[in-house]
Amino acid sequence: MKIAVCIKRVADSETRVKIAADGKALDEAGVKFVLNPYDEFAVEEALRRKEQAGSGEVVVVALGPAAAQETIRAALAMGVDRGVLLQVDRIPADGLVVAQALAAELKDGGYDLILCGKMAIDDYNHQVGPMVAELLGLPCVTSIAHLELQGNTGVAEREVEGGIEVCEFPLPAVLTTDKGLNEPRYPALKGIMAAKKKPLDIKPTALAVGGLEVLAMTPPPDRKDGRIVGEGVAAIPELLRLLREEAKVL
Amino acid sequence: MALRFQGVDFYDADGLLTEEERAVRDTVRAWVDDNVIPVIGEHYVAGKFPTHLVPQMAELGLFGANLPEEFGCAGLNNVAYGLIMQELERGDSGVRSFASVQGALVMYPIYEFGSDEQKRRWLPELASGRRIGCFGLTEPDYGSNPGGMITVAKETKEGWVLNGAKMWITNGSTADVAIVWAKTARLDDPGSIRGFIVPTDAKGFAAKDQQGKLSLRASDTSELVLQDVCVPKEALLPKSAGLKSPLMCLTAARYGIAWGAVGSAMACYDEAVRYAKARVVFDRPIGGFQLQQARLVEMLTEITKAQLLCLQLGRLKDQGKMSPQQVSLAKRNNVSMATDVARESRRLLGASGILAEYQAMRHLANLESVYTYEGTHDIHTLILGQEITGLSAFN
Numbered sequence: 005m006k007i008a009v010c011i012k013r014v015a016d017s018e019t020r021v022k023i024a025a026d027g028k029a030l031d032e033a034g035v036k037f038v039l040n041p042y043d044e045f046a047v048e049e050a051l052r053r054k055e056q057a058g059s060g061e062v063v064v065v066a067l068g069p070a071a072a073q074e075t076i077r078a079a080l081a082m083g084v085d086r087g088v089l090l091q092v093d094r095i096p097a098d099g100l101v102v103a104q105a106l107a108a109e110l111k112d113g114g115y116d117l118i119l120c121g122k123m124a125i126d127d128y129n130h131q132v133g134p135m136v137a138e139l140l141g142l143p144c145v146t147s148i149a150h151l152e153l154q155g156n157t158g159v160a161e162r163e164v165e166g167g168i169e170v171c172e173f174p175l176p177a178v179l180t181t182d183k184g185l186n187e188p189r190y191p192a193l194k195g196i197m198a199a200k201k202k203p204l205d206i207k208p209t210a211l212a213v214g215g216l217e218v219l220a221m222t223p224p225p226d227r228k229d230g231r232i233v234g235e236g237v238a239a240i241p242e243l244l245r246l247l248r249e250e251a252k253v254l
Numbered sequence: 037m038a039l040r041f042q043g044v045d046f047y048d049a050d051g052l053l054t055e056e057e058r059a060v061r062d063t064v065r066a067w068v069d070d071n072v073i074p075v076i077g078e079h080y081v082a083g084k085f086p087t088h089l090v091p092q093m094a095e096l097g098l099f100g101a102n103l104p105e106e107f108g109c110a111g112l113n114n115v116a117y118g119l120i121m122q123e124l125e126r127g128d129s130g131v132r133s134f135a136s137v138q139g140a141l142v143m144y145p146i147y148e149f150g151s152d153e154q155k156r157r158w159l160p161e162l163a164s165g166r167r168i169g170c171f172g173l174t175e176p177d178y179g180s181n182p183g184g185m186i187t188v189a190k191e192t193k194e195g196w197v198l199n200g201a202k203m204w205i206t207n208g209s210t211a212d213v214a215i216v217w218a219k220t221a222r223l224d225d226p227g228s229i230r231g232f233i234v235p236t237d238a239k240g241f242a243a244k245d246q247q248g249k250l251s252l253r254a255s256d257t258s259e260l261v262l263q264d265v266c267v268p269k270e271a272l273l274p275k276s277a278g279l280k281s282p283l284m285c286l287t288a289a290r291y292g293i294a295w296g297a298v299g300s301a302m303a304c305y306d307e308a309v310r311y312a313k314a315r316v317v318f319d320r321p322i323g324g325f326q327l328q329q330a331r332l333v334e335m336l337t338e339i340t341k342a343q344l345l346c347l348q349l350g351r352l353k354d355q356g357k358m359s360p361q362q363v364s365l366a367k368r369n370n371v372s373m374a375t376d377v378a379r380e381s382r383r384l385l386g387a388s389g390i391l392a393e394y395q396a397m398r399h400l401a402n403l404e405s406v407y408t409y410e411g412t413h414d415i416h417t418l419i420l421g422q423e424i425t426g427l428s429a430f431n
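Chains as they are written, first to last, in the working numbering: chain A, 5 to 254; chain B, 37 to 431.
For reference, chain A alone in the conformation it holds in the complex (with noise of 0.2 angstroms):
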């Protein structure tokens, strides 16, 4: 079984984010980087998928800066056997022109299976599996939670509102990651160290020009203080006034 893993490097959700000079990108100096959390169910899942037909390859494949090389190796540190990074000065706004580079990567690949998080923790668009799936024809689900593979044939179960949907799909195919489909493991020590020596290519890549441009990026408002509207029982009424009224949350 061949899959291959779409990963992003992404800053840390507990890091204190600002917003570059230009008032368009976030200002990366001393921000720490991950690999995206959702990414880390796909490669586990990659991972336990290989382990369980006893052969194959788990490839990871990464758009973005040189610097991203330390998120593959992150990757490789938990058992992916290579990575490629297909090398851009920054990852662009557009979704589409990502995956557009992935697919072209992926194309003659020879993957039994295609998996992406269902989206990316910094710009929390959920585009690039599904865009990625469409490009190169195959069928798609994204959110999964649950899934098996039956020879040619998967089932993987995403739950959405009220209930969950079962989904049957045959393979090659794109699938992308949600919480609860495992628990990832830790790279062990030995994982960290074999990294270094598994093979990661690096190769260039133009893009795309693209029809997304960001204008402007802007920190939320400051939340205001809160009010007390009065104190025990008696501040009860003029509570539910304010929540209907005024908040319009009842």
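Everything labelled a hint here was simulated from the structure, so no lab data went into it. Do not rely on the hints blindly, as some may be mistaken.
Said to hold, decoys possible - Once the Cα atoms are required to be at most 35 angstroms apart in a straight line, the calculated DSBU-like pairs of lysine-lysine come out as:
no. : chain 1 : residue 1 : chain 2 : residue 2
1   : A       : Lys201    : B       : Lys244
2   : A       : Lys111    : A       : Lys183
3   : A       : Lys194    : B       : Lys313
4   : A       : Lys36     : B       : Lys313
5   : B       : Lys313    : A       : Lys28
6   : B       : Lys313    : A       : Lys202
7   : A       : Lys200    : B       : Lys357
8   : A       : Lys194    : B       : Lys357
9   : B       : Lys341    : B       : Lys84
10  : B       : Lys190    : B       : Lys244
11  : A       : Lys200    : B       : Lys313
12  : A       : Lys200    : A       : Lys36
13  : A       : Lys200    : B       : Lys341
14  : A       : Lys22     : A       : Lys6
15  : B       : Lys357    : A       : Lys228
16  : A       : Lys194    : A       : Lys6
17  : B       : Lys190    : A       : Lys194
18  : B       : Lys275    : A       : Lys194
19  : B       : Lys341    : A       : Lys194
20  : A       : Lys201    : B       : Lys249
21  : B       : Lys193    : B       : Lys275
22  : B       : Lys84     : B       : Lys313
23  : A       : Lys183    : A       : Lys6
24  : A       : Lys207    : A       : Lys22
25  : B       : Lys313    : A       : Lys22
26  : A       : Lys111    : A       : Lys54
27  : A       : Lys54     : B       : Lys193
Claimed, not checked - Take a look, some chain B residues computed to stay more than 10 angstroms from chain A by CB distance:
no. : residue
28  : Glu55
29  : Glu56
30  : Ala82
What the hints assert, rightly or not - Computed footprint of chain A on chain B; a stretch qualifies when at least three of its residues, placed anywhere within it, have a C-beta under 8 angstroms from a C-beta of chain A:
no. : region
31  : 98-111
32  : 358-369
This structure is a prediction, so every number in the text was calculated from the model and none was measured. Virtual Cβ for every residue (Gly too), placed ideally from N, Cα, C.
Use these hints to put chain B onto chain A, whose structure you have.
Frame of chain A, contents of chain B only:
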């Protein structure tokens, strides 16, 4: 995705680490956040070592991580090894002690003084956590003066017969194997001290947990009694020779302790900062009061100095240039520093600081043991005094 400890790094010491060193640190940090922090308080109160963590630690490769891969170890450099100790002790000194004993006091002497056969037999078993070890040097009447030990090993036709008692032995009651140090000639001859690999199920070997500890409660500390314990000739560590051999093990363990203490201090400082920002007294966060700010500044200053001390010590060790006296300086400084940080954090936390729900008092109580074991603070003072003046205050 649990809340992750973000570290304490005022001087960008991270920038002095390699990518692998940071990756190792981050893995252990995440593992401690997920698996140690949530359970350690209750284990501490119950006086139980969290045994269930041992297979996970082994799986990660934490035991003897700076020993070579050919024996099933991770083959890391000493800075990465130190960072592991730092993160484990950020969880709890008892958890770090377990790894220190297994790696630096059991695997290291087998690696350093053992035969090829002993290395091949024991190191993979110990690295994988299938076998747990302990280190028997200290005796009831010989702590700071191990050369005075009265445990003896007598050579017979079949092997060796060991007699004596050991005390304050971490992992003693859980261990499958003990590295026992004993005199093989006259009692006034510390040069005759040799090391033995003794299975704890050998006839005449007994281990009993020491009761009533108010420190290192999440760690087993035992007394070992050896009464006519017969071991074969192959139990002897052939390259062990004199008191110097166990002291080399202590240097290896103390190196890890110097790093570990920084982990404890980082945990206490982090807790103190959070509390100082959140706790409101006299209508403002206590972090806004000069007294608490002074506390936090002292903590951060001392932690930062200790971090840089460890890092340079590790680089020296990796270059083969580290002296035992340099380790004494780091152990002495960092453990004393961490004890002070834990105490000040405990005080900043006010009444909350006495609860097991917070970390400070647990670390403070633990560090009183760490201050005392592996060469007491005072003994390290004398070692350094001798190094400076050439005059021994204890021999």
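Hints, one by one, checked against the model:
For a cut-off of 35 angstroms, the pair hint linking lysine 201(A) to lysine 244(B) is broken: about 47 angstroms separates their Cα positions. About 27 angstroms separates the Cα atoms of lysine 111(A) and lysine 183(A), which keeps this hinted pair within 35 angstroms; it holds. About 40 angstroms separates the Cα atoms of lysine 194(A) and lysine 313(B), which puts this hinted pair outside 35 angstroms; it is violated. A C-alpha spacing of about 23 angstroms is found between lysine 36(A) and lysine 313(B), which places the hinted pair at or below 35 angstroms, so the restraint holds.
This hinted pair checks out: lysine 313(B) and lysine 28(A) have alpha carbons roughly 32 angstroms apart, not beyond 35 angstroms. Between lysine 313(B) and lysine 202(A), the direct Cα distance comes to roughly 45 angstroms. Violation of the 35 angstroms bound is thereby established for this hinted pair. A C-alpha spacing of about 26 angstroms is found between lysine 200(A) and lysine 357(B), which places the hinted pair at or below 35 angstroms, so the restraint holds. With a CA separation close to 26 angstroms, the supplied pair lysine 194(A) and lysine 357(B) stays within the 35 angstroms bound.
Restraint check: the Cα-Cα separation between lysine 341(B) and lysine 84(B) comes to about 34 angstroms, which is no more than 35 angstroms; the hinted pair holds. Between lysine 190(B) and lysine 244(B) the CA atoms are separated by roughly 24 angstroms; this keeps the pair inside 35 angstroms, and the hint holds. Between lysine 200(A) and lysine 313(B) the CA atoms are separated by roughly 41 angstroms; this puts the pair beyond 35 angstroms, and the hint is violated. Straight-line distance between C-alpha atoms of lysine 200(A) and lysine 36(A) comes to about 20 angstroms, which keeps the hinted pair within the 35 angstroms bound.
Distance restraint check for lysine 200(A) and lysine 341(B): the Cα-Cα separation of roughly 31 angstroms lies within the 35 angstroms cut-off, and the hinted pair is therefore satisfied. At most 35 angstroms may separate the alpha-carbon atoms for a hinted pair to count; lysine 22(A) and lysine 6(A) exceed this at roughly 40 angstroms. A hinted pair counts as satisfied when its Cα atoms are at most 35 angstroms apart, and lysine 357(B) with lysine 228(A) does not qualify at roughly 58 angstroms. As the CA atoms of lysine 194(A) and lysine 6(A) are separated by approximately 24 angstroms, the hinted pair is consistent with the 35 angstroms bound.
For the hint pairing lysine 190(B) with lysine 194(A), the CA-to-CA distance comes to about 41 angstroms; that exceeds 35 angstroms, so the pair is violated. Annotation: proposed proximity of lysine 275(B) to lysine 194(A) holds, straight-line Cα distance about 29 angstroms (limit 35 angstroms). Proximity of lysine 341(B) to lysine 194(A) is assessed by CA-CA distance (about 30 angstroms); at most 35 angstroms being required, the pair is judged to hold. Restraint check for lysine 201(A) and lysine 249(B): the C-alpha separation of about 47 angstroms exceeds 35 angstroms, so the hint is violated.
Between lysine 193(B) and lysine 275(B), the direct Cα distance comes to roughly 20 angstroms. Compliance with the 35 angstroms bound is thereby established for this hinted pair. In summary, the hint linking lysine 84(B) to lysine 313(B) is supported, as the alpha carbons are separated by about 33 angstroms, within the 35 angstroms threshold. Straight-line distance between C-alpha atoms of lysine 183(A) and lysine 6(A) comes to about 23 angstroms, which keeps the hinted pair within the 35 angstroms bound. For the given pair, lysine 207(A) sits about 30 angstroms from lysine 22(A) by alpha-carbon distance, which is consistent with the 35 angstroms threshold.
Note on lysine 313(B) and lysine 22(A): the hinted pairing holds, with a Cα-Cα distance of about 22 angstroms set against a maximum of 35 angstroms. Straight-line distance between C-alpha atoms of lysine 111(A) and lysine 54(A) comes to about 21 angstroms, which keeps the hinted pair within the 35 angstroms bound. Our distance criterion of 35 angstroms between C-alpha atoms is broken by lysine 54(A) and lysine 193(B), whose separation comes to about 55 angstroms. A Cβ of chain A approaches the Cβ of glutamate 55(B) within 10 angstroms, the least distance being about 6 angstroms, so the stated non-interface status is violated.
Distance check for glutamate 56(B) against chain A: the nearest CB is about 6 angstroms away, which does not clear 10 angstroms, and the non-interface claim fails. For alanine 82(B), the non-interface assignment is confirmed: its Cβ lies about 26 angstroms from the closest Cβ of chain A, beyond the 10 angstroms cut-off. Given as covered by chain A, the region 98-111 of chain B passes the check, having 5 residues with a CB less than 8 angstroms from a CB of that chain where 3 are the minimum. Look at the region 358-369 of chain B against chain A: 0 of its residues bring a Cβ nearer than 8 angstroms to a Cβ of that chain, fewer than three, so the hint is violated.
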